[in-house]
Each structure stands twice: as C-alpha cells, then as structure tokens.
Amino acid sequence: MALEDYRGDMDMCCRCSACKFVPMQKVKGFQYANVCPSISRYNFHAYSGGGRLNIAASMLKNGFNYTDKLLDIVYNCQMCGACGVSCNYAMDMEVLEPISEFRLKCVQDGKTNPALNKVIAGLRKTGSMVPGAKGKRGAWAAGLKLKDAAKEKVDVLFHVGCLTSYNKDYWKLAKATVKILQKAGVNFGIAGDAETCCGGRAYQMGYKEDFLNQAKKNMAMIKKAGVKTLVTGCADGYQAFKVLYDRYNLKGNLEVLHISEYIAQLIAKGKLKLNKKVNLNVTYHDPCRLGRLGEPWIHWKGKKIPGDRFVFDPPKTYRRGTQGVYEPPRDVIKSIPGIKLTEMTRIKEYSWCCGAGGGVNESNPGFATWTAKERIEEAASTGAEAIVTACPWCEKTLNEAVRESGSSLKVYDIVELVEKAI
Amino acid sequence: MALSKEIYKAFEDVVGAENICDDPAIMPAYHSAELEAVILPKDTAEVQAIVKLCNKYKLPFRPVCTGWTGMFPKGTIYLDLRRMNRIIEINEKNMYAVVEPYVISAQLQAELMKRGLNFCIKGAGTNCSALLRGHGHMDQTTSGDDRNHLAIEWVTPEGDIVRSGSLGSSDEWFCGDGPGPSLRAILTSAVPPGVTPGVFTKAAVKLYHWPGPPSFPVVGKSPKYTLSEIPPNLMARYYSFPSVEKMWQAEIALGEAEICYELMGFNAAMVACNITTCNEEEEVVFEKMSKEVQGPGFFVIIAGNSAEDFSYKKKVLEYIVRKAGGKSLKTVEDPEVEGILLCQCIRISASIRETFRAGGAFNSIPIMGQRDLTIKWAIGAGKAKEPLIKEGYIVDDGGAFFGWGVEQGHLGKTEIFCKFDPQNAVAKKAVEDWQKSQTARAFKERYFASTMGPQDEIGPALSNYHLWWRKLVKELDPNGVTPEGGALV
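As they're listed, the protein sequences go chains A and B. Heads up, the first sequence stops at 426 in the working numbering, and the numbers go up one at a time, no gaps. Heads up, the second sequence stops at 507 in the working numbering, and the numbers go up one at a time, no gaps.
A couple of the hints might just be wrong.
[Said to hold, decoys possible] Subject to a maximum C-alpha distance of 35 Å in a straight line, what follows is the list of computed DSBU-like cross-link-like pairs (lysine-lysine):
(1) 307/A to 239/B
(2) 242/B to 305/A
(3) 332/B to 32/A
(4) 60/B to 65/A
(5) 408/B to 32/A
(6) 408/B to 308/A
FYI, nobody ran anything at the bench for these hints, they're computed from the structure.
Turn these sequences into a full structure, and let the hints guide you.
Structure follows, in structure tokens:
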C-alpha cells in the first residue's frame with residue numbers, strides 16, 4: 005500500500021496526544037509515562053506519531069514541500085511503533101504504516117539522509133548493514149565445524165545477522181547460540197559466507213528496493229537449500245523474515261523463530277536443561293521488532309464502507325502490537341536457576357525503544373544513545389544488576405549508553421545467560 | 019508571514035535555538051494554522067519573556083497543552099507548553115497538588131492514588147493536562163471546573179506575573195481566594211469565551227480522598243486491559259430505568275445518600291464504546307445492550323472505606339435502585355467487564371473510544387444545571403439527532419444523551435454529541451447545523467450551554483457580562499495580543 009492508501013487513517017488522527025504516552029491505564033506515576041523517544045527528545049508535536057500523520061496528510065493534500073526541518077523530523081524516528089500501540093488502545097487506525105510509507109516516499113523522491121545513504125551503499129557492496137564491514141561474514145564460525153546449510157540438509161538454519169557476524173564484540177552471541185543448539189542436539193547449520201543481510205533495517209530506513217533485493221536473495225538461498233525453519237537471534241532479522249517477507253508475499257511456508265522462542269520450545273520439550281545457577285537480578289528489555297512489531301502480518305484488502313464509521317468491508321483486523329514475542333524470553337529467563345527477574349515500568353507492547361532502530365543509530369547516534377540512556381535509567385530503577393535483551397542492536401546501543409552514563413548495569417543478550425546455565 | 023530575523027532572534031535568545039521553529043513543515047502538526055512560530059518555553063520566566071516580546075512586537079499568542087482542539091488566527095505565536103511538565107508539589111496534609119501545564123492527568127493521578135488521593139479529571143481524558151478547568155466522570159465526588167481551583171500563577175497578557183489566592187500573600191497554594199487576590203471570575207471564566215487571556219504557568223488543584231487501591235491490578239494486553247481481580251470494596255454497575263423520571267428519582271436519592279464515588283449517566287452506546295476493542299465489536303455490543311436496557315440509565319461506582327462501609331453503600335444502592343424500578347445490566351455484572359469499566363472510568367482512559375474512534379470526530383453540546391431539567395432539553399436534542407442518524411451522517415447511538423451528577427447531585431451536567439466522519443462535508447454541515455440549532459434552543463429555554471455565543475447575543479441575557487468582560491480584557495491586554503477562542507486541554 006502507498007501513502008495515499010492511508011489517507012483515511014491519517015485523517016482519523018484527533019490530535020489527542022495518546023501517541024506520546026504509554027496507554028493511560030499503564031501510567032504508573034510521573035516517571036516513565038512517555039512512550040515515544042522522538043517527541044520526548046525533540047518536543048515539537050511534529051515529532052510525535054500524530055504530528056507525523058498530520059504532516060503527511062497535509063502534504064498529500066497540498067503537495068510535498070521538503071525542507072531540512074521536515075527531513076529532520078522524518079529521520080529522527082526509530083520507527084519503533086510505540087505510538088501506534090498507544091493510539092490503537094482506543095482508535096481503529098493505522099499509525100506506523102503511514103509513517104513508514106512517508107519515509108519510503110522521501111527516499112523514493114531522493115530526499116534521503118546522507119548517513120543512511122552511506123549505510124545502504126555498504127549494503128549494496130558487502131551485503132551487510134554494518135558500516136565498514138570487512139572480512140568474511142562467516143569468519144566468526146572458523147574452527148567450529150558447523151554444517152553449511154546451503155550444502156547439507158539441516159532441520160534449522162541459524163541466520164546470524166549482520167551485526168553479530170561483522171562486529172567481533174558480538175561474535176560471542178553467535179557462539180553462545182551454537183553451544184545451546186549443539187547442547188540440545190539440534191540438526192542445524194549456518195549459511196556462512198553465503199548469508200546476506202535480511203534487509204529489515206534497510207526497510208526501516210526507507211529503502212524498500214534494497215530490502216526487496218535482500219529478501220529475494222535470502223529466500224532464493226533458503227528455497228534452494230530446502231530449509232523449512234529459520235532461527236535468528238536478531239530482532240530486526242526476526243521481524244524481516246517473519247513479518248516483512250510475509251507482507252510482500254516472499255516468505256512462503258518458512259517457519260521463522262526467534263532464538264528465545266526456540267530455546268523456550270527446547271526447554272519445554274525437555275531437550276535443553278538449564279542446570280547451572282546464575283545468581284543475578286535482571287530486568288528484561290523487549291526489543292521493538294521482537295515485541296510489538298514482531299507480530300504476524302495480517303493480509304487484508306478491503307474498502308471503507310461509506311458512512312459515519314471508519315469501518316471496512318471485509319472488517320479490518322489491526323495489528324496492535326499484542327501478538328509479539330513477549331512470554332518466551334521471559335519464560336527462558338525464569339527457567340535459569342538463580343535468576344531473579346524484575347520488570348521495568350514500560351514493558352511488552354509499550355516498551356521503550358533502545359534507540360537503535362529506523363536508522364537513528366547511524367544518522368543520529370547521539371539521539372540513539374539518549375534514548376538508550378533513558379532505558380538504562382529505567383532498568384536501574386528496578387534494582388536489577390543487569391538488563392537482558394534479545395537483539396544485538398539493542399545490546400550494542402544499551403552498552404554504549406552504559407558506557408556514556410557511567411552506569412554499573414551489565415548488559416546481556418538472553419543467549420549469554422542461557423549459555424551460562426547449560 | 020515569517021517573523022523578521024530580529025524578532026526570531028529575540029525569541030530564540032529566550033528559549034534557545036532548539037525550542038523555536040517557524041518552518042512550514044511543522045505547521046500541519048499544529049492544527050494546520052498559519053502560525054508565525056511555535057515556541058517551547060521551559061518555565062515561568064521564559065513564558066514571561068515571550069509574552070513581553072509579543073507585546074513589544076504586537077504579536078498575538080496562545081498557550082496550549084496537549085491540545086486536541088484550537089482555533090488560531092493567522093500570525094499567532096503558538097506557545098507549546100510541553101516542556102513545562104513538572105509536578106511541583108503534592109501536599110497530602112492540605113490536600114492539593116501544584117502542577118505545571120503539561121503534566122497529564124494520568125501522571126498526577128497515578129502519583130495521587132499511591133497516596134490515597136484523587137482529583138477531578140476532565141472528561142476529555144487522562145491524556146490531557148491536569149491543570150485546571152473541566153468536568154468529568156468523577157464529579158459526583160470530586161466536583162468540577164472552577165470548584166477545584168486553588169492558587170494560580172498567571173502570566174498576564176502584558177507579561178506580569180500574578181499569583182492568586184494564598185499565593186498572593188505567601189508561598190502557600192492552599193486557597194484560590196485569599197489571603198491575596200482572588201480573581202476567580204477572571205481566571206476561571208466558564209461562559210464564552212471560556213479562556214483566560216495570558217498563560218497559567220502553575221496551579222494548585224484540590225485533592226480528594228481515594229478509598230481504592232494504590233494502583234489497579236491491570237493485566238492483559240492493549241487494547242484489552244482487564245483487572246486480575248476486582249479490588250476490595252469497589253464495585254461498578256450499570257442500571258437502566260423504566261423512565262427518565264425514575265432515573266432522576268434514583269439519582270437524587272443516591273446523591274442525598276452520598277454513597278456513589280462516581281455516577282456517570284452513560285447511555286448504552288457509551289458503555290459499549292468503553293468495553294469493546296474495535297468499531298465492529300462496538301456495533302454488535304451496542305445492539306445487544308440496547309435490547310438489554312429497559313430505558314435510560316447510569317453507571318455507578320461504589321468505593322468503600324472499609325468492608326462495612328462498602329456493604330452499607332451497596333445495600334443503600336440496591337434499595338434506591340429497586341425503589342426506582344432500576345435494572346442492573348448483566349453485561350456489566352460480568353467481573354471482566356466490571357473490571358474494565360472500573361479502571362477506565364476511574365483512570366478516564368477511554369474517552370477517545372467514546373468520542374473519536376467511530377468516525378474521527380464529534381460535536382458536542384454540554385449543558386450545566388439541574389439534571390432533571392437539562393435532561394428534558396437533551397431529550398429534544400436527541401430527537402433532533404434522529405434525522406441525521408437516518409441519513410447515515412452520524413453514528414447511531416439511539417439518539418442518546420449522557421451526563422453526570424456533580425457534588426452528589428447538587429449540580430449536574432448533561433451532554434449530547436454526534437459522532438461523524440469529518441471528511442464527509444455533508445455530514446459535517448448537518449452536525450454543525452444540529453449543534454447550532456440545539457444550542458439556540460438551549461439559550462431560548464434558559465439553559466446554559468458552553469457552546470453558546472456569540473457574546474453579543476447571549477450577553478444581554480446574562481447581565482451584559484460581555485461588556486464588563488471586554489473592559490477587563492482591554493485593561494489586561496492593551497495591545498490585543500490574546501485572541502479569543504481556543505481551549506487549554
């Protein structure tokens with residue numbers, strides 16, 4: 005669907021400001037009531053979900069007048085979808101979709117962000133979203149003697165993802181995942197150097213064609229290899245394979261699981277036992293694209309029924325962020341002996357973003373860290389010693405915030421804790 | 019229309035480059051008004067400096083909080099008060115809270131509930147400012163509008179800082195009327211234009227006892243948050259009655275008995291909005307509930323201070339309702355539905371569902387006064403809605419009105435609205451005509467509707483208040499920098 009197709013949704017915005025805050029029942033005090041990093045940081049209403057819809061609707065009506073300020077607004081958004089969840093508590097309308105379409109249109113019209121252009125140039129050259137990626141994608145697995153899923157029959161393809169593959173600091177996540185899968189006796193493989201970026205982050209940045217190219221490459225490889233199940237530890241990758249590929253009818257019957265879901269299944273089936281004690285007080289950060297944006301795509305085509313109500317034929321089921329992956333990571337954490345899990349104020353569908361999404365990590369790292377610092381502060385307020393997440397991009401941004409703020413909080417990916425427990 | 023470089027620089031020097039913008043790109047987010055600039059002051063001193071500059075350069079300005087409505091004359095300086103979002107004080111002993119304009123009611127209420135306190139929240143919802151003005155669901159206990167105003171810090175249209183009530187003579191916020199200047203009639207005008215010129219930068223609001231839990235045990239996921247259990251000594255019910263007269267009889271008796279924490283005269287359509295998660299479901303539930311009710315009704319929350327108090331209140335409620343021939347709606351007796359309503363109607367978190375979800379817009383006529391009389395007017399306004407429903411211009415809510423008791427029924431408010439699709443020009447015009455004609459009827463029949471106007475028409479019937487008001491405004495605002503209209507939500 006194009007931006008024009010969301011005209012009715014945008015016109016539904018009543019400018020109530022619900023998109024700025026967590027759903028009202030969930031406001032637990034003065035602190036941590038905000039849900040949108042962009043409006044929280046930049047304050048002008050234009051940076052809120054509603055403001056973005058107001059602007060896009062106006063431009064559809066009056067023509068697209070691109071100014072530097074407009075592009076500042078467009079690109080200073082993590083596309084985290086929190087605005088939509090809060091709005092959709094009460095309203096039946098799309099919020100993130102038109103915001104996303106507006107960004108796609110900006111890119112289509114050549115109104116891009118230089119920093120993001122650089123990242124995309126890198127993607128086109130190296131198949132990776134990590135700027136300056138060098139070396140082989142599968143280098144992290146050297147000496148591990150893992151199966152090559154492109155050549156050997158495996159039950160599960162472990163899609164490692166760009167950041168974990170190319171940033172040596174995060175090789176530990178891939179290696180932890182390997183240990184866990186091996187311990188559970190899973191017949192898995194990796195694509196190694198044949199793996200390429202899922203394209204999800206390119207889509208968030210507005211580069212739809214690049215996303216589609218990546219998606220087609222990945223699915224061609226997957227089909228050729230006969231892979232039926234894909235497991236990834238990257239929330240961006242999870243959302244790309246599961247939601248975006250499905251949206252563009254590219255996913256086929258591929259089963260897509262996040263590593264936290266898969267581990268939860270292995271534990272439930274008795275294939276993985278977490279025996280070792282990990283004495284740690286932790287809190288859990290829901291990655292946006294595993295949580296609210298990780299819920300399945302709903303294929304729908306219909307028309308507004310003329311009349312007083314904003315209703316459709318056939319009825320439209322909105323994706324309100326409720327069907328994301330929330331319980332499996334929590335179940336896994338709770339399964340680890342010795343761990344105490346304390347929840348933060350903003351969790352699950354109304355979780356506060358880590359700051360890394362939507363290209364903000366690359367185009368405005370200061371804003372990304374500002375956002376992550378707020379999360380670190382919220383995590384520390386629970387009394388936890390560590391914040392656990394389930395995405396390398398979150399871990400990286402949260403680590404940067406910890407460094408900058410001088411916090412003593414530790415940051416872990418869920419696989420690191422599971423690795424300690426097996 | 020852009021500000022000159024000199025003027026822009028003068029404002030920028032006050033708030034910093036990051037907090038002023040005149041780029042056309044942001045204007046659609048500000049009601050598509052042709053504004054000179056949007057400025058984000060962070061405190062009273064900055065507001066004062068901005069207002070003085072507005073006077074110096076003869077620029078009209080208007081302050082706005084979360085701001086879902088507003089009319090802005092061309093060339094207005096828009097003061098977005100978003101950065102003024104601090105709770106200054108919660109005084110438990112003297113039962114008041116001092117807030118800045120962009121503290122939303124949800125934040126203040128959450129802090130208050132932890133302390134066994136609550137306050138009057140505007141019916142517009144907890145997503146709106148906690149500062150001043152407005153009636154809402156809990157008026158039965160918390161009263162409404164200017165009854166809750168204590169001391170106020172006010173930047174006048176000329177840029178002077180006036181501290182009203184006790185704040186005028188000391189650092190205390192406990193009273194709006196003294197020792198110190200009261201200014202109640204100027205600061206809290208309820209008649210058109212309904213907006214005080216200048217900027218309220220801090221205000222104390224009255225607090226009330228909250229007998230419920232420090233927080234609700236909310237479980238589930240948006241858009242269906244429920245309660246894991248009904249907190250002790252709390253109950254929500256909806257009662258329908260055989261006639262308006264019987265309903266009113268029960269309302270009066272309940273007010274006299276002082277047993278209801280909340281008495282909200284929802285119609286079935288509004289209950290359906292509250293308990294459903296989408297438009298389609300709402301239509302189905304409304305149809306079902308329309309068959310379930312026997313006539314007009316209201317929603318009640320009972321909150322006991324102890325098990326004994328709760329039991330007493332429940333017994334009195336049941337007795338009064340039975341005597342008036344009332345019938346409890348089975349749908350609301352379901353603990354899940356009861357929990358949803360308890361939470362939403364205390365936390366005022368579903369007003370958007372009640373108003374905007376269906377079609378995107380609503381036009382309303384609120385009438386203040388004795389409920390039995392205002393209901394009679396509302397029945398007529400409801401009948402006038404029927405042709406619009408028939409034409410498909412507005413959502414079919416059975417032509418119903420709603421309302422609530424204020425201060426245990428000593429006062430009351432009745433309201434009626436039409437929900438419609440604002441993109442449908444014919445429907446919009448029909449609704450506007452309905453609003454105009456029914457407001458005129460209210461005026462003619464000597465009711466007070468806040469939609470009444472213009473002042474020249476209604477003023478003569480109200481002691482020529484408009485002439486006095488204009489004289490006051492002229493004194494307060496000699497440079498004419500505070501245009502009429504708008505709303506501070």
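The hints, checked one at a time:
Between the alpha carbons of residue 307/A and residue 239/B the distance comes to roughly 28 Å, so the proposed pair stays at or under 35 Å and holds. A threshold of 35 Å between alpha carbons decides the hint, and for residue 242/B with residue 305/A the separation of about 25 Å falls inside it, so the pair holds. This hinted pair checks out: residue 332/B and residue 32/A have alpha carbons roughly 29 Å apart, not beyond 35 Å. With a C-alpha separation of about 34 Å, the suggested pair residue 60/B and residue 65/A falls inside the 35 Å cut-off, and the hint holds.
For the given pair, residue 408/B sits about 44 Å from residue 32/A by alpha-carbon distance, which is inconsistent with the 35 Å threshold. With a C-alpha separation of about 19 Å, the suggested pair residue 408/B and residue 308/A falls inside the 35 Å cut-off, and the hint holds.
The structure fails hint 5 only (numbered hints given earlier).
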